[in-house]
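Please arrange chain B on chain A, whose structure you already have, making use of the hints.
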Amino acid sequence: MELDLKPLQGILDKHPVESTALISILQDIQLHYKYLPPEALQQTAEALSLPLSKVFSVATFYSSFSLVPKGKNVIRVCMGTACHVRGAGLLLDELVRQLKVKPGETTECGEYTLESVNCVGTCAMAPVVMINEQYYGKMRISKIKRIVKT
Amino acid sequence: MRFSSPGVLETQRTKLQDRAGKVKREILICAGTGCLAGGSADVAQAFRTETRAAGMKVGVRMVIKETGCHGFCEQGPLVILMPEKIFYQQVKPSHVKKIVESTLKNGEVLQKLLYKNPVTGERVETYDLIDFYAKQHRLVLRNIGRIDPEQLDDYLAVGGYRALPKALAMKPEQVIDAVKKSGLRGRGGGGFPTGRKWATCRKVDDQPRYVICNADEGDPGAFMDRSICEGDPHAVLEGMIIGAHAVGANKGYIYVREEYPLARKRLGIAIEQAGEGGLLGQDILGSGFDFTIEINRGGGAFVCGESSALMRSVAGEVGEPRAKYVHSVVKGLYDKPTVLNNVETFACVPYIIDQGAKAFAAVGTRGSSGTKAFSLVGKVKNTGLVEVPMGVSLRDIIFGVGGGIINDRPFKAVQTGGPSGGCLPQSALDLKVDFDTLTEAGSMMGSGGMIVLDDRTCMVDVARYFVNFLVEESCGKCVPCREGLKQLLIILQRICEGKGRLEDLDRIGNLSSVLAQGSLCALGKSAANPVNSTLAYFKNEYEAHITDHTCPGGVCKELITYSINDACTGCTACVKVCAFDAISGKKKARHEIHDDKCTRCGACITVCPDEAIEVH
Numbered sequence: 001m002e003l004d005l006k007p008l009q010g011i012l013d014k015h016p017v018e019s020t021a022l023i024s025i026l027q028d029i030q031l032h033y034k035y036l037p038p039e040a041l042q043q044t045a046e047a048l049s050l051p052l053s054k055v056f057s058v059a060t061f062y063s064s065f066s067l068v069p070k071g072k073n074v075i076r077v078c079m080g081t082a083c084h085v086r087g088a089g090l091l092l093d094e095l096v097r098q099l100k101v102k103p104g105e106t107t108e109c110g111e112y113t114l115e116s117v118n119c120v121g122t123c124a125m126a127p128v129v130m131i132n133e134q135y136y137g138k139m140r141i142s143k144i145k146r147i148v149k150t
Numbered sequence: 001m002r003f004s005s006p007g008v009l010e011t012q013r014t015k016l017q018d019r020a021g022k023v024k025r026e027i028l029i030c031a032g033t034g035c036l037a038g039g040s041a042d043v044a045q046a047f048r049t050e051t052r053a054a055g056m057k058v059g060v061r062m063v064i065k066e067t068g069c070h071g072f073c074e075q076g077p078l079v080i081l082m083p084e085k086i087f088y089q090q091v092k093p094s095h096v097k098k099i100v101e102s103t104l105k106n107g108e109v110l111q112k113l114l115y116k117n118p119v120t121g122e123r124v125e126t127y128d129l130i131d132f133y134a135k136q137h138r139l140v141l142r143n144i145g146r147i148d149p150e151q152l153d154d155y156l157a158v159g160g161y162r163a164l165p166k167a168l169a170m171k172p173e174q175v176i177d178a179v180k181k182s183g184l185r186g187r188g189g190g191g192f193p194t195g196r197k198w199a200t201c202r203k204v205d206d207q208p209r210y211v212i213c214n215a216d217e218g219d220p221g222a223f224m225d226r227s228i229c230e231g232d233p234h235a236v237l238e239g240m241i242i243g244a245h246a247v248g249a250n251k252g253y254i255y256v257r258e259e260y261p262l263a264r265k266r267l268g269i270a271i272e273q274a275g276e277g278g279l280l281g282q283d284i285l286g287s288g289f290d291f292t293i294e295i296n297r298g299g300g301a302f303v304c305g306e307s308s309a310l311m312r313s314v315a316g317e318v319g320e321p322r323a324k325y326v327h328s329v330v331k332g333l334y335d336k337p338t339v340l341n342n343v344e345t346f347a348c349v350p351y352i353i354d355q356g357a358k359a360f361a362a363v364g365t366r367g368s369s370g371t372k373a374f375s376l377v378g379k380v381k382n383t384g385l386v387e388v389p390m391g392v393s394l395r396d397i398i399f400g401v402g403g404g405i406i407n408d409r410p411f412k413a414v415q416t417g418g419p420s421g422g423c424l425p426q427s428a429l430d431l432k433v434d435f436d437t438l439t440e441a442g443s444m445m446g447s448g449g450m451i452v453l454d455d456r457t458c459m460v461d462v463a464r465y466f467v468n469f470l471v472e473e474s475c476g477k478c479v480p481c482r483e484g485l486k487q488l489l490i491i492l493q494r495i496c497e498g499k500g501r502l503e504d505l506d507r508i509g510n511l512s513s514v515l516a517q518g519s520l521c522a523l524g525k526s527a528a529n530p531v532n533s534t535l536a537y538f539k540n541e542y543e544a545h546i547t548d549h550t551c552p553g554g555v556c557k558e559l560i561t562y563s564i565n566d567a568c569t570g571c572t573a574c575v576k577v578c579a580f581d582a583i584s585g586k587k588k589a590r591h592e593i594h595d596d597k598c599t600r601c602g603a604c605i606t607v608c609p610d611e612a613i614e615v616h
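Going line by line, the protein sequences match chains A and B. The working numbering puts the first residue of the first sequence at 1, with every later residue one more than the last. The working numbering puts the first residue of the second sequence at 1, with every later residue one more than the last.
By construction, these hints were calculated from the structure, which means they are not laboratory data. Since no wrong hints were added, every one of them can be taken at face value.
In silico DMTMM-like cross-links for lysine to aspartate or glutamate, where the CA-CA straight-line distance does not exceed 25 Å:
{"no.": "1", "chain 1": "B", "residue 1": "597", "chain 2": "B", "residue 2": "614"}
{"no.": "2", "chain 1": "A", "residue 1": "143", "chain 2": "B", "residue 2": "611"}
{"no.": "3", "chain 1": "A", "residue 1": "143", "chain 2": "B", "residue 2": "42"}
{"no.": "4", "chain 1": "A", "residue 1": "70", "chain 2": "A", "residue 2": "115"}
{"no.": "5", "chain 1": "A", "residue 1": "14", "chain 2": "A", "residue 2": "4"}
{"no.": "6", "chain 1": "B", "residue 1": "85", "chain 2": "B", "residue 2": "125"}
{"no.": "7", "chain 1": "A", "residue 1": "145", "chain 2": "B", "residue 2": "610"}
{"no.": "8", "chain 1": "A", "residue 1": "102", "chain 2": "B", "residue 2": "497"}
{"no.": "9", "chain 1": "A", "residue 1": "34", "chain 2": "A", "residue 2": "4"}
{"no.": "10", "chain 1": "B", "residue 1": "251", "chain 2": "B", "residue 2": "205"}
{"no.": "11", "chain 1": "A", "residue 1": "100", "chain 2": "B", "residue 2": "472"}
{"no.": "12", "chain 1": "A", "residue 1": "54", "chain 2": "B", "residue 2": "335"}
{"no.": "13", "chain 1": "A", "residue 1": "14", "chain 2": "B", "residue 2": "317"}
{"no.": "14", "chain 1": "A", "residue 1": "138", "chain 2": "B", "residue 2": "42"}
{"no.": "15", "chain 1": "A", "residue 1": "143", "chain 2": "B", "residue 2": "592"}
{"no.": "16", "chain 1": "B", "residue 1": "92", "chain 2": "A", "residue 2": "133"}
{"no.": "17", "chain 1": "A", "residue 1": "138", "chain 2": "B", "residue 2": "455"}
{"no.": "18", "chain 1": "B", "residue 1": "24", "chain 2": "B", "residue 2": "101"}
{"no.": "19", "chain 1": "A", "residue 1": "143", "chain 2": "B", "residue 2": "581"}
{"no.": "20", "chain 1": "A", "residue 1": "54", "chain 2": "B", "residue 2": "317"}
{"no.": "21", "chain 1": "A", "residue 1": "138", "chain 2": "B", "residue 2": "258"}
{"no.": "22", "chain 1": "B", "residue 1": "251", "chain 2": "A", "residue 2": "18"}
{"no.": "23", "chain 1": "A", "residue 1": "145", "chain 2": "B", "residue 2": "581"}
{"no.": "24", "chain 1": "A", "residue 1": "100", "chain 2": "B", "residue 2": "581"}
{"no.": "25", "chain 1": "B", "residue 1": "557", "chain 2": "B", "residue 2": "543"}
{"no.": "26", "chain 1": "B", "residue 1": "171", "chain 2": "B", "residue 2": "206"}
{"no.": "27", "chain 1": "B", "residue 1": "557", "chain 2": "A", "residue 2": "93"}
{"no.": "28", "chain 1": "B", "residue 1": "597", "chain 2": "A", "residue 2": "93"}
{"no.": "29", "chain 1": "A", "residue 1": "138", "chain 2": "B", "residue 2": "408"}
Isolated chain A (complex conformation) (with noise of 0.2 Å):
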């Protein structure tokens, strides 16, 4: 499928010409396009004159930017000490054998990726599963099947 450039000219042009801009518009285009595509990096490094190494090494060093195409829905498991000692390890293992998937992966429909995430700053309702922008405190495996519909 042929990308849709016109929303990242956008983006280009909302940001400044300058080095100093890189992460905030590779956050854009992953929030736009859910992903950050090749075609998209390449622009990028154009718009602001840099090499294509250098937005690359952004691009792959940080785990929020992803070069594959994500899920509908990203389901994160968190992995902080509060929830690891609550069974967090559990619930991973379980959403890995219901999903098929390992961590970071997408499911062949494209309906779900499955993300460990180092906490998520909720531990009080430990252990925390989010999916997309909602999150489920006190998780149980058997609550697992009721949020998640393979």
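Here is chain B on its own, set in the frame of chain A:
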């Protein structure tokens, strides 16, 4: 409205306070991330609908407020009815009608919604009688839970932006002097004296200078800064503006973690409001001082909590730390003098200027003045956000404020200081919590994460957890951290699987000292602390894994088996939940676990109503 001078601001404040004084009834509904997840927005909406339906506006001025985090996240959503301070927990929209009818109209307290003291089993009516709150000293968190963080007027009415005109009327050196006298030390974990940092920056003969607020709270198990940004964002801004005046900066940045969307939103609203009010921007309060603040969204890298890495990230680069021959107060952001402080540190500043350095220094200990906010989590009864004076004991926090261990199981350890800290055992419970004491004991106070561990925690697994965390988060710039941690993880993994050797313990010691001496930044230097502290205090657990092939905490899958004991009533709940057909048994007869099929996923334990599943 725009406040063109301190006088205009004070007039408005008096007006707001008069108005607040006339309010007969306030309904405070927690809108922190925790309570929102529990549905508190719907509860607030239900209160608006029900009170209107009951015609309650007549004669009584009433305010329904969505506030920042009350801290008692375990019991959310929380509702507090003022002026009686009636504290209702786990409130659902379906409860609201009853609350309006019974409590608001007839003054009857609904026993069912009151908090139950976990020690005595008694219901507690008002929030100041709850141990969790009664044993705290709220200074930084004083406004959180009382004000609507999205309303500037709320902050003004409780005395917000009272310190700012005072500071602007002072010479920068006098402001710095006050901060020095207060004894304020950096709350991010480093504990560097804030006044000294500001003084050094002020003296550097270079322009422009920058002020940065570090809200990249990456330590797992810590959420103090998130709560402050979400619950009292103007306090952070006020602290930053005062800091900027002190060091002579006109531009500031707040670097907020990517995982904290609500904190970013509320800080953004606060910046806009402060700009409209003439508290940020050009000619602040008519003083001639200019200062603007921009929010930077983090990219999800733990290492960016390190100051030099954070500054590179603000500049749009890869967040790798640099060696600090030259301090960032001299050459920081864009190689210009930069003051970087943590959220909580900035939030202390308005209090110090407004109430005086002496008032702040009177709290806490000689070397560590003031209070400290902690996120008390893990296997403790009352989890949440806690603020206590520096120098109270771990026992006071965990067993006093926290109410002890869940299900009264034995306490094993407390993890403090995140991945740079360590685990402290029972014998350390009476240590004073301040910048220096916990460091001497092999951990550190750090930014304030406090994770309580009970007897069903494996200390080798905890060490492995932190090393695994750091392997993922190491920026990869220096070899000891990048490669050393990987090797450390391999060894710990091996021990957890029961394949460890006794000489591994020496190897861990060697690797740790290489990490401590050879790493570039503080994260690498302290990376072995979780391993060293568990090895120092819980060596027996390491040995049990290696020589006896057992896991005393019952955690390491390769070393444990599950079985069902006589408490089993044959309810079949576990049979239904087991995805591996590893449990068999008829209704009302004792069930059995088949070890060859069991994967130790733990699903059965979470559904068993009779605690009949044992881990060996």
